[in-house]
Amino acid sequence: MATATETGVKKNFLTGLKEAIAEEMESNPNLICMGEDIGALGGAFGVTDGLIARWGRERVIDMPISEAAIVGVAAGLCLNGKSVMVEMQFIDFISCGFDQIVNMTATYHYRTAGEVNMPMVIRGPAGAYGGGALYHSQMNEAWFANSPGIKIIVPSTPYDAKGMMKAALRNPDPVLVYEIKDLYRRRDLEEVLPEEDYIVPLGKASVRREGDDLTIVTYGQNVYHCLEAAKNLEKEGYHVEVIDLRSLVPLDEATIIESLKKTNRLLVVNEAPMTCGFAGEVLSRMSEKAFEYLDAPPARITRLDTPVPWVKPLELFVLPSVEQITEKALKLIKY
Amino acid sequence: MATTKTDPDQRHNEGREPAKLASDLLTADDYHELLKQLYMARYFDVRLIKEKKRGRLRGTLYSSHNQEGIIVGALYGLRPTDWISPIHRDMPAFFMKDFRSGWDNPERVGMTIEEVCGQVWGKVTSPGRARDNWSHIGSRAKKIIHSTSMLAGTIPAAVGVTLADRLNGLDSVAVTFNGEGSTAQGVFHEAINFAAVEKLPVITIIENNQWAYGTPTHYEYSLEDFARRADGFGIPGLVADGQDVLDVYNKVCQAVEFSRAGNGPSIVECKTFRSYGHGDHDDDRAEKYRPEEEVEEGRKRDPIAIMKKIMVEKGFLSPAEAAKFPAEGKGASEVTDEDFPPEVVAYLNRGVESAVNAPVPEAHEGGMWVFREEN
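The listed protein sequences derive, respectively, from chains A and B.
Residues in the first sequence are numbered from 10 upward in steps of one, following the working numbering.
Residues in the second sequence are numbered from 17 upward in steps of one, following the working numbering.
Simulated from the structure, these hints should not be mistaken for laboratory data.
Be a bit skeptical, because a hint or two may be false.
As the list claims (entries may be wrong) - Output of the computed footprint for chain A on chain B, the stretches with three or more beta carbons under 8 angstroms from beta carbons of chain A:
id, stretch
1, 107 to 120
2, 166 to 179
3, 381 to 390
To be verified - Here are a few chain B residues that sit away from chain A, every Cβ distance over 12 angstroms (derived from the structure):
id, residue
4, S142
5, A146
6, R182
7, V311
8, Y363
The C-beta atom is built at its ideal place from N, Cα and C for all residues, glycine as well.
Build the full structure now, drawing on both the sequences and the hints.
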């Protein structure tokens, strides 16, 4: 099989995802995959490449362009004992299935007083910086963070992509996976993945860089913008800690609080719009729970409250940049 | 029965022997059972309307008065292992599912009257521990899909449960109940389209009661018989007289047989009329949008009266017996318990008593069961 783990070979983010899904399909005969063009084509980005050849249409179902039905049928499968991986061709299109996610699937366990659970993973390519324009660039995680009953993860490395996807596919609850499509094939992120079965548990943040002058909390593609800013600041003698949340719901507050005890300064960065975005959630929780550790007003950098425009200068204008992060970080450090 | 250029019945029977009516195989006992079930559904409805007026119930009550023929007729054509997806106006369906196996048969695959009353009264005995209101209950074990307020919202789930059953080698079907108002929802079309593509055994019942809350059908769609929508999906569409429990039974059996044979989904439009307002909250205001004469006309074809007439014609009921328990044609404020068979009243009394005496869930349960697992 093309996705078999090979020792010593460095693998990209996309391969991590592919291996995770293929391995879980192998070990869990109850797992069904559904989505648009996920069969013969292997999905718009190739994440499901090879699945239909191995498991056939019974378990790898090409769906009509009907996001609401895709999610709703998946809910019915879960109700009747199956687990389902749903691919959104782009995470932007998830809005077409919104009601079936937030009102049907996310509430199922709650409204049945625990009788029914929904082991459903909804995953799809997300994120801007690639010229995808308004409808192929979104990070709409806040819609769902505000809808109780859905877990949300955003891995940023091949290792996490594979380990978290496997954990999500084994999780008894609905899990939304924001796959940053600009990381899918990034060469500099390639790494050797463990040969043995492993998972990365949901709800645990990862400290991607240690430092004691400032804590930057981020996730997704912005992890790399923040790491670059941290490198810039290192040259000026400042040590910035970068926390990759990886999991938004549940949120690993403890790791952030521990970091703030040391750095006393907080900057949160995400590429979603500002108002009611997840960066704001992190800020308010830390204002409530870590106020006494803070020596500077906590701050955030987000996309402007605009859609994501198409051509490059416009797109970059509205999104967080390394320069912005560096500048804001310096202000906080020197506060 | 509507006959159009693409007569849905003809489509349905294409290449097959003309279907015998399923009701031809019913015995006199079946007829009596069906009549008793019509009484049960009616009594449940009028009793709850009275309980609500007495102030003993919370929430909104969506009356199924005059639409019992659809619930009873459709359920009577199913196997215990089949799935149903009732909505707000089908409350009796939750406890009447698989009544054919015996109302008090412990093996019956349907909710108990105690569970359904527990839900109506908001008590711990509710299958959903009273977390959501009115008809928003269900049961995986009893094969009842948990309803929500989003109309047509559970049709995809009905498609999904049959897909899972088929993967497991089972030939169960799913019957979804829907008002004609829900047919304008996008998910209605998405789900039935996919069921048609996959030939999944999903029967979509349209309870066409002429009114979507305050909106008449001519503002909802531009078809004579809604069942013709089925042509657009490439599936059969049948039209039944929703006031005639036997016609509903026959059409649903026809659709079920078609599905069970692997031919895929179908739509059964049951023409009926809503006696009351959308919910009890607009009973007093329904006259604002619906003329009183229309209501009087609509209530004339009472499913209990129609069934009695058929039974008298068939000699299953004497005219004197038919005159007993005259619940037909009466509204909730006009009937008394004496208008119903005593076993029907006793059955519901048991549920009401159980619900009244059961405790309300503890407050802290409001914070429970968001996730199965913390991470």
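Quick rundown of the hints versus the structure:
no.: 1; hint: 107 to 120; verdict: violated (count 0)
no.: 2; hint: 166 to 179; verdict: holds (count 12)
no.: 3; hint: 381 to 390; verdict: holds (count 8)
no.: 4; hint: S142; verdict: violated (8 angstroms)
no.: 5; hint: A146; verdict: violated (9 angstroms)
no.: 6; hint: R182; verdict: violated (9 angstroms)
no.: 7; hint: V311; verdict: holds (33 angstroms)
no.: 8; hint: Y363; verdict: holds (25 angstroms)
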